[in-house]
Structures are given as C-alpha cells and as structure tokens.
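Visitor: As a plain string of letters, each chain reads:
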Amino acid sequence: MSIEVRNLIKKFDEKTVINDISFKVNDGEILAIVGFSGSGKSTVLKLICGLIPYDNGEIITSEGDIAMVFQYSALFDSLDVEDNISFALHERKDLRKKYTEKQIKEIVAEKLQLVGLKGIERKFPSELSGGMQKRVSFARAIVTNPNTILYDEPTAGLDPMSSTLIEDYIVSLKHEINAASIVVTHQMSTITRTADRVIMLYDGKIVFEGTPQELLKQETPYTKQFVTASLEGPMQMQA
Amino acid sequence: MITLQKYLKQSATYKFFTQFWVLFEDFVDTVGKITQVGLHVFKCILKGEIKLNELFIQCDRFGISSLPITLSIVGMTSIIVASQVALEMVKQGGSHFVGLLMTMLIVREVGAIMSGFALISMIGSSLASELATMRVTEQVDAIDVLGVDSISYLFVPRVLSGILMMPLVVVIASVFGVILGAITSDIFAGLTYRAYFDSAWLGLYMKDLGVCLLKAATFGGTIALISCSCGYFASGGAKGVGLATNKAVVWSFIAIVIIDMIFAMLFFF
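First to last, the sequence lines map onto chains P and Z. Numbering follows numbering that gives the first Met the number 0, with no gaps: position 135 of the first sequence is 134. Numbering follows numbering that gives the first Met the number 0, with no gaps: position 173 of the second sequence is 172.
These are calculated hints, taken from the structure and not from any lab test. Warning: the hint list may mix true and false statements.
[As the list claims (entries may be wrong)] Cut-off 25 Å, straight-line C-alpha distance, at most; resulting in silico cross-link-like pairs (SDA-like, lysine to any residue):
| # | chain 1 | residue 1 | chain 2 | residue 2 |
| --- | --- | --- | --- | --- |
| 1 | P | LYS23 | P | ILE59 |
| 2 | P | LYS96 | Z | GLU53 |
| 3 | P | LYS92 | Z | CYS58 |
| 4 | Z | LYS46 | P | GLU90 |
| 5 | P | LYS96 | Z | SER149 |
[To be verified] Which bits of chain P does chain Z cover? Going by a derived footprint, with three or more residues having C-beta under 8 Å, they are:
| # | segment |
| --- | --- |
| 6 | 59-67 |
| 7 | 71-83 |
Predicted, not measured: the structure shown is a model, and the values here were computed from it. Think of the CB as a built atom: it goes at the ideal place given N, C-alpha and C, for glycine as much as any other residue.
With these hints in hand, go ahead and build the complete structure from the sequences.
Guide: Okay, here's the thing in structure tokens:
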C-alpha cells in the first residue's frame, strides 16, 4: 500500500468540498480521479501532499517523498532548467549535503533523458514550449525518487500529440520508479491510456469506482453523463 | 412587506458597519499572518539558514538598484526644504543655524523616511508582485511540495537584505541630502559652504546617527517583511497580484510612519 485515504472531509467556510471519501492506491498503480470542474479533484491532491489541511479523516502514506506535477507546470521562472530540476537537491536540508555538484549535474541529465529532453539545462522556462515545460516539471518531480506522484491535469492545454507524449511518460514513469500515481484529469484519452482504476467525484463524493473499461461501458447515470459529456443527467454544472 | 431585519440590512449604517467589520477582520488576519511569518523568519536567521548567493542578489536589488531613485527623492526633498528655510533664516539673522537645522532634519527624519517611501514604491511593490505571482502560478506550492520551507527560502534573503542595506542607503542618501542643502543654501540665500558646514555638526550627536541607523534597519526589515507577506498570502489571478501589491504599499507606508513615530517618542522626547 502506498496511499490510503480514509473518510476524508474538507470544508471551505461552510461548504463541504470533499465529503467523506475513501480510496487506496498501491505501488505501481495509477488511479485517475475524474469529474466535472469544481467537483473537488485538485483539492484531493492538495490534501494528500499537505498543501491544505483537512478537517476530518486520515491520509496514510508509506515512507518516502510525495511529488506533484502541477497543472501549469509551476516551474520557477527565475531559474534555468537545471536549477529547477535540482532545486530540492540544493535546498532541502536532508539532501543538501548528500550530493556533490557533479553528481547533481548527472542526476539532472539522467532525469531529463527520462522525459526525452537533452541539452536544455541552461534554458529558462519562458524559452520552452508548454509540452517541454510539463516534461521538465516531471523531471523535477521525480528527482528525489518519490514513491507517490500526483498529477494535476497533466495534459491540460496541450495539443493531442503532446498529450499522448505526456501520457506515455506517466505510464513509463510508473514502470521506472514503481510509484503510486494519482492523475486528476478531464480527458478521456488520459484516462484510457494511463489509468488502472478510476474514481469519479461529484459534489465532493465518489459516485463511481472501477476500471477505465467499466467507465466506458456507461452503466451508471454518472458514467453515462461523463462519457457522453451530456448536460442531462444527475450531475449539474454550477452556473 | 419589508421585515425589520431586511430594513436594517438595507440601511447605510448596517452597510457601513459590515464594511468596517470586513476591514477589521482583514486587518487582524494580516497582522496575525505577518507576525507569524516574521517570527519564523527571525528564527531561521538566528539558526543561520541564510543562502549567501541569494542574499547578495537581494542586497544588490535593495541597495544598489534602488540608490538612484532614493538619492533623487531625498535630494529633491532636501532642495525643497533648504530653499524654503535658508532664505528666511538668513533674512532673520539665523544664517548660522541653517546647516544645523538641515543636518538635524535630514539625519533624524528626512533621510530615513523619504528613503523608506522610495524603497516601498520601488522594492516593496516589486517584492509583493513577485511573490504574489509565484503564489498564483503555484510556484510557492511547488517549493513546499518539494520539501523546502518556502518561507525560509523566499523571506530570509529578502528581509535580511532589507535590514542590512537600508542603513547604507539612508547614510548615502542623507550625506547627499546635506550636501545638496549646502548648495541650495548658497544659491538661494548666498550662504557660504563654510558657514553651513560649521553649524552642520553642532546639532549632530552620536545618538542621532545610532538612532538613524537603527531606524533604517527597522524600516528595511519591515518593508521587506510586509511586502513579502502580502505577496506570499495573495490569492486569485492577476487581480490578486494587483491587490497584494497595493496592500503591500499601503501597509508599508502606514507601518513606517508608525515606527517613525515610535522612534521619535522613544528617543527624542
């Protein structure tokens, strides 16, 4: 077991955004969290990695780091690619003195190669395309060899080919580092190409849990509405 | 039929107090956050968690880059004051007090407070917008997720550079202001440099210099801390960045005027 979420509740003011949800993700498994905008998907990721505190419930993770790939990459724009990737190695108290500068350069080159990039160490994020920025943020996330990786809409805003490339990297990273991964996404291609299991959130609750194939079968009103992107159904978009 | 509750809610008095309460809540919330972050920053400084290369970059930004605008503002204020004071004092037979008055004024007040205003508009606003942009683009979240203390990483070099560089800026600006005062007095009132500088030293004590430096360091730390905090706790998109910058400037202005008042009461009453 790598992540277990038990009866998680999160409220913003009086509004319950996450309402008593529970799920597990094992090592080497990819769980996709889907749902319409505002259903609380990204909040779940932020709760797991400790960016926001939860009101009730439990999040149990195994020993090791949790990494997160942000929706818009969140690269540090004042640092070049090498400094972005090596940021944790330079700044984290427990890692600061663990590696020499030469070793850090080697780690950066290795991680860049893992995401299919080479020779861009001295470039700044503003000089990279959206897809490249996303891949650099992958490299930055895996630099500490985390055992949990959280992806917040990893293919949002990318063209179909870049999306496919990113989806392939998510799957290859799963094999490379055997991490437990959670992918928050809207895109059907990302769900079908990367996920082992899917949960669907609506109004802060889990309304479907199963495999991508079960999702595509549209056997419940929720899955039917989501897959067909229909406005008719049990899920109401907020005006 | 309009109920009493509805009627009260529509009244101007109710709206005024609601608005006031929101402002008061925001004030208490901001003071709490700044205090909390400030304590954390000083704990980090005392522990020696200082990145020297980042500190040098921020010192260059706080001290060297801001010097032209600071010198201009303190210099022009000195010219304005000297042109008003020198002519009148020479007419009244007080020419031997012009240098003393100008030096006392610049060292005790004008140098520090005008440099503070210049640094708020130039550095404070840029610190707030920089950190607010990092916040809304999730860069601050990325720092935290990578296991790095974002407050220590972002605040320590900036606050420390404010504390270290502001006294230097104030000393340079004050010397510049005193010299411009002498030139202005000569041009407007025909006061010789010798007469000006002979009296300039009479009203100046070591205590004045000490208080000036301490005040400058306090201003520098306060401007950096408030500006960084306003940026760090920003939310929303472009509007959030604008609001954070605006808040940083307003709060810093108010804070340094209050600190100046406290210094005046503590040391010169």
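Visitor: Each hint: holds or not?
Guide: Hints, one by one, checked against the model:
no.	hint	in the structure
1	LYS23/P to ILE59/P	holds (9 Å)
2	LYS96/P to GLU53/Z	holds (18 Å)
3	LYS92/P to CYS58/Z	holds (24 Å)
4	LYS46/Z to GLU90/P	holds (15 Å)
5	LYS96/P to SER149/Z	holds (19 Å)
6	59-67	holds (count 4)
7	71-83	holds (count 5)
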